[in-house]
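Student: Turn these sequences into a full structure, and let the hints steer you where they fit.
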Amino acid sequence: MTTPLPSAVGSTAPASLPPDGLDGLDPTFSRLVTAGDPGRTWHLLDNADHLARLGVEPVGTLLCVHGNPTWSYLWRRLVTAATAQAAADGVAWRVIAVDQLEMGYSERTGELRGLPRRVADLDDLTTALGVTGPVVTVGHDWGGVISLGWAVDHPDQLAGVVLLNTAVHQPEHLRIPAPLRLALRPAVLGRATVATPAFLETTLALGRPRLTAAVKEGYRAPYREAARRGGIGGFVADIPVDAAHPSAAELDRIATAVSGLQVPALMLWGPSDPVFGDQYLEDLVGRLPHADVHRFEGASHLVAEDVDYAAAALTWLGDLPTAGSDDAGAEAASASPRPAQPTYHPLWHQLDEQRHSTETALVEMAPPGGDSPRVVTWSLLARRVRELAAGLTAAGVRPGDRVSLLVPPGADLTAVLYACLRIGAVVVVADAGLGLRGLTRAVRGSRPQHVIGALPGLSAARALGWPGRRISTTPLPRATARALGVRYALVDLVDLGQGVDTPAEPAPDATAAVLFTSGSTGPAKGVVYSHRQLAAVAGALRDQYDLGVGTGLVAGFAPFALLAPALGARSVTPDMDVTSPRTLTAPAVAAAAAAVDATVLFLSPAALANVVATADSLTPADHEALAQVRIFLSAGAPVPEPLLAAAGRLMPNAEPHTPYGMTEGLLMTDVTLDVIRDATSTRPDGDRGGVCVGRPTPTTEVRISPLDADGAATGEPTTDPGRTGEILVTAPHLKRGYFRLHLTDRAATRGVPDDRWHRTGDVGHLDEQGRLWVEGRLAHVITTADGVVTPVGLEQAVEQVDGVVRAGVVGIGPQGTQLLVAVVETTTPARRVALADPELAEEVRGAVGRPLAAVLVVPDLPTDVRHNSKIDRTRLARWAEGVLSGGRVRRP
Amino acid sequence: MKVLVTGASGLLGRAVAARVLAAGHEVRTFQRSPSTVPGVEDLRGSMTVAADVERAVDGVEAVVHLAAKVSLAGDPADFERVNVGGTERLVAAAAREGVARFVQVSSPSVAHSGSSIVGDGALPADPVHARGDYARTKAQAELLALAADGDAMRVVAVRPHLVWGPGDTQLVARIVARARASRLPLLDGGRALIDTTYVDNAASAIAAALERAADDAVHGNAYVVTNGEPRPVAEMLAGICAASGAPVPRWSVPAGLARAAGGAVEAVWRVRPGQDEPPMTRFLAEQLSTAHWFDQRRTRADLRWTPEVTIDEGLARLRAAGARGG
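From first to last, the protein sequence lines are chains A and B. Take the first sequence: its position 666, counting from 1, is numbered 666 in full-length UniProt numbering, and each next residue is one higher. Take the second sequence: its position 114, counting from 1, is numbered 114 in full-length UniProt numbering, and each next residue is one higher.
The set of hints was computed from the structure by calculation and includes no laboratory data. Predicted, not measured: the structure shown is a model, and the values here were computed from it. Ideal Cβ placement from N, Cα and C applies to all residues, glycine included. Any given hint might turn out to be false.
What the hints assert, rightly or not - Where chain A lies over chain B, by a calculated footprint (3+ residues, C-beta under 8 Å):
hint: 1; segment: 190-203
hint: 2; segment: 222-236
hint: 3; segment: 292-298
Tutor: If you want it as structure tokens, here you go:
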């Protein structure tokens, strides 16, 4: 070692058992084992005796290796949970969680142990323990590297690897993280790591949420004096800063061998880690592309403390084929017949077909920097896509690279999108409605290699440190380009691509896109589509609305608008601020419709209200253009029937439609205004209520997973009419999965007939005619002592009461004995929160026809920012419970 | 079965005696003033006199114990003597007599320290943290009674919450009197949800507990009994006032202030008890400003009982009784 460490590093001490009473640590798991030659004594947690007492045979061993400066305490919950699972007749895993030598309660040998030595130490230990049978290694921090060292050296025993925030390789273009650079400075190293507990305390401060005092004490327990902290300094000194470092060769050996591992892999990641950030996850995913990955948004370095990693790991282990999972069920499910896959036409198919056409492909009513509409022909669009595809290739964009598109809808976005798809790059599209914070999370989390953006997007990318090489849609002054870290503008790419061959077309099942939209709860999730699935979305639109070559459509709803060129349809982007759909006016829609002789109109619900509100400004010519429209579609959120009807009156020849779907499946059912009216007036299911969203589209199937008494969707999926439960969907155009959210993937496919089904998180029922009714979100189901209640039907009943504009019905109190509370906005807006006056309360109670604990009047119900139509019932319930407990009154 | 009902001159006691009688049992009532329940053997006496209590349990097979000092203020020693001493004496006498079933009528306040109750079940009685002399002594009494539970004598505690109905001299009469004197504030706007119990429902639940006391899943337990229809306190009080022809309370006091005032008044009152109760005690302030509603699932399942009279029906009966001059 060239780095000076204090003499305390040379201290020796025998191994010992941890003191009793450390928070969450069961002392009966602790044991001491001597291994190696000369013999060194280890402290480890081991549940072998517990399993033997239970009389169960483990299916395998989890070999858990902590990092620096923690100890086996890190794995206490995994040992406990695995033992509890075995005791509850679940699959039994033996868990061995070691204290590495010089660390925790293992022996202090006074030696400095580099990486090769530590990998050998671990082998000595498993030999001494006589570990036989399948082993899954589990590692965190530098323990990740050492566990992988064991893994690559024991291919015959290795059954899987689990990694929590770790790294096996320092990517060339990245510097060592700043906190480690500081700790590695010779003047700092010894003092920070050994002489003082600074390194330990810095690590313990990384808990998100903050670690409790008791847990911090647990981590500190073995490291109270400098003489016990030598291993901490030794570990830091062992970080291979360059190729000459004694441990560099071993690290390289392990990193290279990891790339050859074929065993199942799980990565549980805290992306807020200031040391082992997303860039290291990216490197590991590159080596183990088959890995199941879950990024816990908000979690940090101590991900094992921040989230329930033990349950996540045990669940994943339960899915392994070796762990005795129920294969018979899976086979039976896969035997269920699937509708035939639609013929695959790549998304750029029509661009190829129409490449000589001088017909209009798209019109941009308000192009950036221009005042007259920009008209792009098919031949121009096809050429631009070819040029950009070549240019992007020349600029280093490779198949499989993720490209974040921060471009507003219009000709530029369309050209770049199809160019990226054509060369097999994965487009990452985030909805501007996410807001800057959500957008930052989305872009950081998707870890794009490239960002293509307009100026505001690029500025944000620079200011917020979003990853990726940056390409500008417009040429920038050199100083600006340098300041923003922009290498190319799109026009540069056209030159750059001269004479460059584009790569072969991507395979139909290659990943095509990651779409982020604002979730109703929690951080936005990236939804992954393959080329085949995205092409199927276009196909579903074509079949449902009879779109095709020559159809003119007004593209006021981006997700569908972008697919128009794939259908050969002529599209127009109206003059509107995309970040604020509410600004779209009726004349702007009419002008757009006139520009492409539109017969189809797509709008978002937020835009719809303003279009109706500005209808008075329409000229006779505008009315004439709108009279050509035959289909009018409002997509993205439920639309009140009167608003749909009012919009329909502006387009006397159009049939108003509203589809039901989600980012995971963009067009699952569709319904016309007439059907809504008929269904609502006949109410085939009595007072069950809900919003009728119509029948599944031709290639979609819908089933219902009925609710149990706890409001959980545990029922066997069924198509029986009248059963309320979680709505399950499948279609060729359904997503493939979520981006690096393994647990979310698993939850969305729990208990479904096969993995092409998706749990929507919505609750509803099918009626006798096969129409789907949405009754609310699963998370908003209310469990009263008299049974499970869904909110939408009750809200509709309350909204029938004179003087009520909008209502939210929520449950308060403990699950299973919740009380119903109605919270209403009134025609004369309330100035403050109050109990409804007795007359209103009586009418509302009468309308609901169930016991209602209270009726509250509020100035505004909390809703989503984007559509101002989805009531945030989770928040409303929390608020109502506070108010009705005598708590302080704030607005909901 | 021959059943002793103590405290049968009050609203709930009379209703219980009548219901037990109607169920086909022989009933003896026992209290200081006449029970006025037709068809029962009425015995007069005091819970504080040992000989009276001995006479009361003589020859009975079951006891329903309602007699208690119920008040928001008063001499702590009185509460002790009647609620604790009286229960202790009665339980011992019943055990000696070979009584097989003993229903202790208690109160949810025995388990709560003044914070809000949002869907809780029946927690153990806690004399240390119970608020006020009434709740504290009733907590001790319930613990005494349940401690006597065994195979020989099966003891069940039933805790009806805020019992009201026509002819009620406790809750309804007090609310109405205070409303008439403009001394009934709505703390914090009266938004706190409270569970109440219409008297017939409380009586039927107690009668159900008597029937079910022999069951091993039932005896030894305490059950909170309510209508299971929590309402904001303002609505409940307004309903009772309207049904009784009293003015509906309108003014509002911040709960913290009222609690502090209640504490001071209560302290003064203890030293110089007067004819009337203090206008506000801490106990009442807490009752009116924090949520008090309960999980009724276990009560209903174990006692095989559901309330027969809804809140709205109860208010209608209150109004009708007022119109008849009852």
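Student: Each of the hints needs a verdict: does it hold here or not?
Tutor: For each hint, the structure was consulted:
no.: 1; hint: 190-203; result: holds (count 4)
no.: 2; hint: 222-236; result: holds (count 7)
no.: 3; hint: 292-298; result: holds (count 4)
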